[in-house]
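Trainee: One letter stands for each residue in the lines below.
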Amino acid sequence: MIVCSIFIPLALSLDLVVGRTGILSIAHAGFYGLGAYATAILTKTYNFSFFSSIILGVLITAFVSYLLSKILSRLKGDYYTLGSFGVIIIFYSLFINLTGLTGGAMGIFSIPNPNFFGLQISSNSWFLLMSSVFMLGTLALMQAVISSRFGLIIQAVRDDELAVKVFGYDTASFKTVVFVISASVAAIAGSFYAAYISFVSPNAFTFNESILILTMIIIGGLASKRGAVFGALFVILLPELLRFIGLPDSIAAQLRVAIYGAILMYLMYKKPTGLFGNYSP
Amino acid sequence: MKTINLSHHFGGVQALNNVSISCDPGKITGLVGPNGSGKSTLVNVLTQVLPKMQGEIKNGDHFARTFQDAKLWSNLTVRESFLVAQRKESWLRAIINFSTKKSISDAEEVIDKIGMSEYTHTKVRNLSYGQRKLVEIGRVLSASNVETLYFDEPFAGLSSTAIPLVTKLILEEKKKQKAVLVIEHDMDIIRSLCDHVYVLDAGKVIAEGSPEDCLASKEVREAYLGL
Chain W
12 MIVCSIFIPL
22 ALSLDLVVGR
32 TGILSIAHAG
42 FYGLGAYATA
52 ILTKTYNFSF
62 FSSIILGVLI
72 TAFVSYLLSK
82 ILSRLKGDYY
92 TLGSFGVIII
102 FYSLFINLTG
112 LTGGAMGIFS
122 IPNPNFFGLQ
132 ISSNSWFLLM
142 SSVFMLGTLA
152 LMQAVISSRF
162 GLIIQAVRDD
172 ELAVKVFGYD
182 TASFKTVVFV
192 ISASVAAIAG
202 SFYAAYISFV
212 SPNAFTFNES
222 ILILTMIIIG
232 GLASKRGAVF
242 GALFVILLPE
252 LLRFIGLPDS
262 IAAQLRVAIY
272 GAILMYLMYK
282 KPTGLFGNYS
292 P
Chain U
24 MKTINLSHHF
34 GGVQALNNVS
44 ISCDPGKITG
54 LVGPNGSGKS
64 TLVNVLTQVL
74 PKMQGEIKNG
84 DHFARTFQDA
94 KLWSNLTVRE
104 SFLVAQRKES
114 WLRAIINFST
124 KKSISDAEEV
134 IDKIGMSEYT
144 HTKVRNLSYG
154 QRKLVEIGRV
164 LSASNVETLY
174 FDEPFAGLSS
184 TAIPLVTKLI
194 LEEKKKQKAV
204 LVIEHDMDII
214 RSLCDHVYVL
224 DAGKVIAEGS
234 PEDCLASKEV
244 REAYLGL
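In order, the protein sequence lines correspond to chains W and U.
For the first sequence, the working numbering begins at 12 and goes up steadily by one.
For the second sequence, the working numbering begins at 24 and goes up steadily by one.
Isolated chain U, as found in the complex (with noise of 0.2 angstroms):
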């Protein structure tokens, strides 16, 4: 996925201005900024979820994502909500097709992989906060015949278990050739988990490289950490 001059405005508040990302194969891109910085409206316009206004978006298609603030299927069971997220389809394939042993066994298995076969059956507003943020992932990570998945702040709220192991399913998508990209404002984390880090102020790519390099410059030590 590559975003050629990506720009965005909110009536007259330019949210993106001329942002030019490329997130690749096999590699975890890691989006740091402050809070009001336009990761979310980047990640929003690359998933379609807002227009787009400016710019260009290439092999940008086939994706999944999680929300900063999670959107679930809260009247859905966790292996249901799975089920969903697992293969788009028409409304006339989805009428007549029913979920099959396999697409039920490898709902199972990405349950077993969040840690949540005991709530296999549980119906996703019946969970804490912690789970629920982990459902989201799971299903992200349930979806089939995507290439890039975009995580927006996926360790937010996390208990110390969960981040261990949502970092461990993160690298086995990037092990899968994934094109993923991480929003997080945990450095420790960006520092472990990403390849390369755009950082953005303002609605523009401050800085690229790698975590290292990136976030000791001193443009990004002054609008992110104000030092």
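Next comes chain W alone, as it looks inside the complex (with noise of 0.2 angstroms):
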């Protein structure tokens, strides 16, 4: 449960940029790597608390995503997909090549546990609380932000940009706020992962686990925020479930890609919005 209260707002704050406003990135794992580095490298070596450490790594995440939208703005569609390609490969370069920072391939090991006004949070319990209370702060922020003018804006956007832009909106401030915010909140997911965990290392931040989050909000369905819920809990979910009908974990794990494989093509024949989607592209 702690993992899915973690993996819910990184697939909300993604279905902000990919399903709100249409810009299929790719490099959402880079940010939720960038927080968990964060607070692995602050708490542990520079011994700041766990919430400080999420401030700091949330304003780090913020001023990198800026400057990286300001660039990938520039591209259009597919290139931009492309673009974000190219971040979350600098990321991981640079998760495995700091070594001194980031301890590089074999990462950082016993990052402490969050400490709350003197209190340890050691068990798995309180950890939920935390983590659960994060993500309803994620739900929240996401309705707040949708139903806004805002929302209306950024899906506005979404459908046809030059349309917005011919009403004397600047699209790309809105297009740049929506990116800092979504990697925002991935960084302080990142954050719950790192102490959650306590370890972190640069193979968990991959291209590969940006396709994982991308695969929950299309199965669950875009712009759609129950849809990024329900997609969240699949994905994590789905490898337990696996295990609860008695497959062994190697097979299991191996027929969890297969079967995500199936679902997506079967949802992009059959019901390409996902299941509880409001937007095709």
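What the hints contain is simulated information worked out from the structure, not anything from laboratory work.
Small disclaimer: the values here were computed from a predicted structure and weren't measured.
Just so you know, even glycine gets a beta-carbon here, dropped at the ideal spot from N, CA and C.
Treat the hints with care, as some may be off.
Unchecked claim - Capping the alpha-carbon separation at 30 angstroms, the derived lysine-lysine pairs in DSS-like fashion look like this:
1. 87(W) to 197(U)
2. 81(W) to 191(U)
3. 176(W) to 241(U)
4. 124(U) to 146(U)
5. 281(W) to 124(U)
6. 124(U) to 111(U)
7. 94(U) to 176(W)
8. 176(W) to 197(U)
9. 25(U) to 146(U)
10. 241(U) to 124(U)
Stated by the list, open to error - Chain W side only, calculated, beta carbon under 10 angstroms to chain U, not exhaustive:
11. 59
12. 89
13. 140
14. 174
15. 175
Mind docking these for me? Both chains are given alone in their own frames, and the hints should help you get the complex.
Mentor: This is the structure:
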């Protein structure tokens, strides 16, 4: 459940970019990783508290995502996606090569447990409570953004950006803000992940991880909070389900990927909007 | 709105060649000409869809427009489309603002005007071609703080009952002292609607004046009607 409460915000925040704004970014795992490394490095090496590491991680991620958005916004459609692919490669390369800071391929071990006003959060139930607050906060944030005029405008940008521009809107700034909000939520998810697993390594934040999060929102349905929540639950809980029906772990792991693929193919044929989606590109 | 010697080219093709026109408040200006004469290019430059290459545009910043091929927000409802079109905002204002009762009632007033009340909450993608054209026109009528309205072939594809409705709506904008520019091929509509007409051919203004005088001129009949 803790992993679900981390991945649901990841899916919700990616859906803001892909489903609501129509920008197909595959850089999401990079921002997730940035938050995770920020917490790992700041709490372990510099003795920051968990919460101050989250704040600093978000600030760093917001700044980096702002700069990247400015660069990527010059690209359109497929080229944007390819550009974001470049971003995830750069993140991976930095995570693996800045060995003095990130521990390189070995990663960072023994990340301290979060500390909340002197209370050490070491039990799963406390951690679940904390990550659930984060998940509910993200749901509330997404609801607020989508219900505002901003939410309407980004969806109009998704449908026809030029038609929004001629009404005088600076559409590039709207897209940048969406990207920064989404990346910041991903960074917080990364911080929770690092604190929960107490270990980070570059392999957790690769292109594959971005595709996994993308799979969640496509299965659940784009531009739908319900879809993002369902998609994340489904993708995270499927391996448990396979284990529950008695399949050995080694087979379940491989079968899981094949099942995701089969479901995606089926949905593209029969229901391209996903299960609860309101939009298909 | 006024242009002085506006020019635009696509590669080696001169789409607009020293075009000087004006569009005055409380007047409906017609823009006619054969296909490829530069009418839509002119409106695209005036509305910053295309960059201005040469020449000057005066008082042209506050506008709303329709497109020859309707460009709509197909996953929004009719009402949501009008709410977006109502007023431009920065991202910061937009993120802390929700649609107010006043803005919703303004949007619904326009929906009522275009006769689409029963489609208020219908997604635009589920409307017919004619209804979509009406939504695009309604979106322009929803826009506040605009001085110039551009309609690019607003009557194309409309039913015989919708044409008088749109004519009436455009005339209402004239009464509100808006400057209106209409691109249209139907000369009867041009005659009944416009106060002043410009005729474009091969990117140049070849005639201007009242609809009757302009459309009667020999040069225009040769260029436009092939007579």
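Trainee: Could you run down the list of hints and mark each one as holding or not?
Mentor: These are the hints, each one checked on the structure:
{"no.": "1", "hint": "87(W) to 197(U)", "result": "39 angstroms, violated"}
{"no.": "2", "hint": "81(W) to 191(U)", "result": "45 angstroms, violated"}
{"no.": "3", "hint": "176(W) to 241(U)", "result": "40 angstroms, violated"}
{"no.": "4", "hint": "124(U) to 146(U)", "result": "21 angstroms, holds"}
{"no.": "5", "hint": "281(W) to 124(U)", "result": "40 angstroms, violated"}
{"no.": "6", "hint": "124(U) to 111(U)", "result": "18 angstroms, holds"}
{"no.": "7", "hint": "94(U) to 176(W)", "result": "11 angstroms, holds"}
{"no.": "8", "hint": "176(W) to 197(U)", "result": "24 angstroms, holds"}
{"no.": "9", "hint": "25(U) to 146(U)", "result": "37 angstroms, violated"}
{"no.": "10", "hint": "241(U) to 124(U)", "result": "55 angstroms, violated"}
{"no.": "11", "hint": "59", "result": "29 angstroms, violated"}
{"no.": "12", "hint": "89", "result": "21 angstroms, violated"}
{"no.": "13", "hint": "140", "result": "29 angstroms, violated"}
{"no.": "14", "hint": "174", "result": "4 angstroms, holds"}
{"no.": "15", "hint": "175", "result": "7 angstroms, holds"}
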